[in-house]
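Trainee: We have chain S; now place chain L onto it with these hints.
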Amino acid sequence: MTINIYIPRDAGALALGAEKVAAAAREEIGKRGLDAKIVRNGSRGMFWLEPMVEVETAEGRVAYGPVKPGDVAGLFDAGLIEGGAHDLSLGKPEEIPFLAKQTRLTFARCGIIDPVSLEDYEKHGGLRGLRNALEKTPLGIVEEVTESGLRGRGGAGFPTGIKWKTVHDTDGPQKYIVCNADEGDSGTFSDRMIMEGDPFVLIEGMTIAGIATGATRGYVYLRSEYPNVHRILNEAIDAARAAGMLGKSVLGSKYAFDMEVRVGAGAYVCGEETALLDSLEGKRGQVRAKPPLPAHEGLFGKPTVINNVISLASVPIILDKGGAYYRDFGMGRSRGTIPIQITGNVKHGGLFEAAFGMTLGELVDDIGGGTATGRPVRAVQVGGPLGAYWPRDLFDTPFDYEAFAAKDGLIGHAGIVVFDDTVDLLKQARFAMEFCAVESCGKCTPCRIGSTRGVEVLDRLKQGIAPEEQIETVTDLCNTMKFGSLCALGGFTPYPVMSALTHFPEDFRPAPVREAAE
Amino acid sequence: MQQARTEITSAVEVIIDRWKNEEGPLLPILNGIQRELGHVPRESLPIIAEALNLTRAEVYGVVSFYHDYREKPAGRHVLKLCRAEACQSMGGDAVAEKLQKLLGIKFHETSADGAVTLEPVYCLGLCACAPSAMLDGEVIGRLDEARAEEIAAEVRA
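Listed in order, the protein sequences are those of chains S and L.
Residue numbers 79 to 596, in this note's numbering, belong to the letters of the first sequence in order.
Residue numbers 5 to 161, in this note's numbering, belong to the letters of the second sequence in order.
No lab work stands behind these hints: they were computed from the structure.
Being a predicted model, the structure only gives us computed values, none of them experimental.
A couple of the hints might just be wrong.
To give a feel for the contact side, a few chain S residues facing chain L, derived at Cβ under 8 Å [claimed, not checked]:
1. 304
2. 305
3. 346
4. 361
Where a beta carbon is used, it is the ideal one built from N, C-alpha and C, also for glycine.
Bound-form chain L, shown alone:
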């Protein structure tokens, strides 16, 4: 645990050093931490606050405002499913139901085996090939039940 904490600290410090002299450094730092560690650990907040001369509350306020930042690590795969209108018009709700059933989790949850985290997203800009999703950063269009089954199998593999 002690070692894990040190690893977080050093990873966070590298990211802070990259950005602290730039204009508006907080979001790039948080984005960098989330990319590097998969989440924004609570113990990184005082380090950021100290470096940017902010209060811990201010940093926490920013972290908690944005949907992207996670307090806990996600599963090995992250599946973002678009829930917005264009995807609704093409049966997105049914696909969402199906995927939740297949994965055995609801939105904002991670499967017990740690394989996958399911997150809602409001528009991926793929509205002319709806319904759409993003699996580990890769975009998927024209989702249907068959493709949902493939995805469920893929994340479990």
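This is chain S alone, in the form it adopts within the complex:
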């Protein structure tokens, strides 16, 4: 029997040399005349172990990592294809604590299957959700999603079921499902990982959304920084179409649904849903005033569901196991699981899917293992460039939409960036303003002008010019941006700035006078 050797084609693994490892493995298989083939899977999400090579043995999968191209011959010498012992042996991957502690619902197949094999997908539980959906009425599907308590995983946390219901109830000759795959937040890559590791789950989720709401066309708006996703997603869509999962009759049913990928052109603001719609229409990616809601007048003025990748990819498991099953994970009004991305200066960086409710400290210290540099953790930023900086004092905050909001922060797309004690929070606050200035769509004044003024004020602060006055100005400016901006870009930039200022005041009072005196 041909033995499968798994070497990821996930961009994170590729960035660490997976392509060369795969080439070396291919050469060894040929040279040794082994009956083995290489499967290019997604990543399990443990990036300190990538490239991680796995072999299918009689006792299950055995993993090795991190593997360098130069290690490959030695691994084969050690009997890699029978799971032989080697210095890089990691044992069974599912028993590695980082994985064993997770609750993988959305990412159940990621890193396990061949991402572009529909057969593999189905063998591992794929399409069960869609088949169940086809047995239900559209409204029945919407009710299941509503019952699950699923909220938008892109950052806003709006209940997915309500969005779908609105589109379901709105009449229109053409409705659309738009997937927001413009994952631009630093510290996040869950969308990338699922689209590279299990693209069919997104296709299935979008198809279910289409059936539930009466939409027959879907678009994935993908950021241009993800060319590897583009290749894999297109392969998967072609395979789904060839197998009749997409097309005029979804799995032989009366429903039609088809989809395509559209690539952006490098604009962070297009992750905002209305700017994204304008961009898809071929315009400047400028934010629209709401109402009208996209659910009423969205893409090309038609009723449109616009959901984040992870929201849509969580739908198949909900339709497979039922809304109640999903809802039973989590805490408070944050139901189900969330893929948390532990990144930056961290020892064990990766993707950790867990029910809501773990504390920030558990995630950073216990799961992440502290910093990569070995220095103390001083701050973490949660939720991308618009998320707050958290000091250690607040590490007991549980991962929950409301708990984070109560402490003037946000979960956002659930990325955590860890910083050690060399971080300068004034510099980080300035970066937040600068980023907003670079990426502002320019439509509203608080964001467009406020961010530029913010950079200037923080620069004066850095120079030690009347610090108290600058702090007062920046606080006032943040207040204006927060309440006066049209969308989250200008509206949330105050989070990183004000949290840095509030929790790390010592960084905002430099001592230039003393320096000048020296």
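Mentor: Here is chain L on its own, set in the frame of chain S:
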């Protein structure tokens, strides 16, 4: 020059024909032109405007809005270096300094020998193996000074 202009026109027309009957064709057309020609030449704008029944100003407005589109061709290699927070936390700023020094250019510039264009990018989704970069579409993780030197040598070769 006349010939170059004709070549641009015919390349642009092929791309327009592929997309003009699709929904929201402008971005796919611009992406196609940039992929094919390495930039979006000024002379392509009136052709697009005409085909899509838009004004030249509208097309220019879109081109100038997005960071990806270049008005001039890039160098033989394009190096995109992530400047976002996760990469900052792992010494990305120092690597950026080093690379600018090694290449003798700043961000948004192309080296005089036309070898390389250096561009900032805000997140490549490689935040668990930061700092990261993308060289001609290939991703690179855990950049350090040694790797920066290798890259600088590679683009000059």
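Trainee: Does each hint fit the structure? Answer for all of them.
Mentor: Here is what the structure says about each hint:
| no. | hint | result |
| --- | --- | --- |
| 1 | 304 | holds, 6 Å |
| 2 | 305 | holds, 6 Å |
| 3 | 346 | holds, 6 Å |
| 4 | 361 | holds, 6 Å |
Violated hints for the displayed structure: none, as all numbered hints are satisfied.
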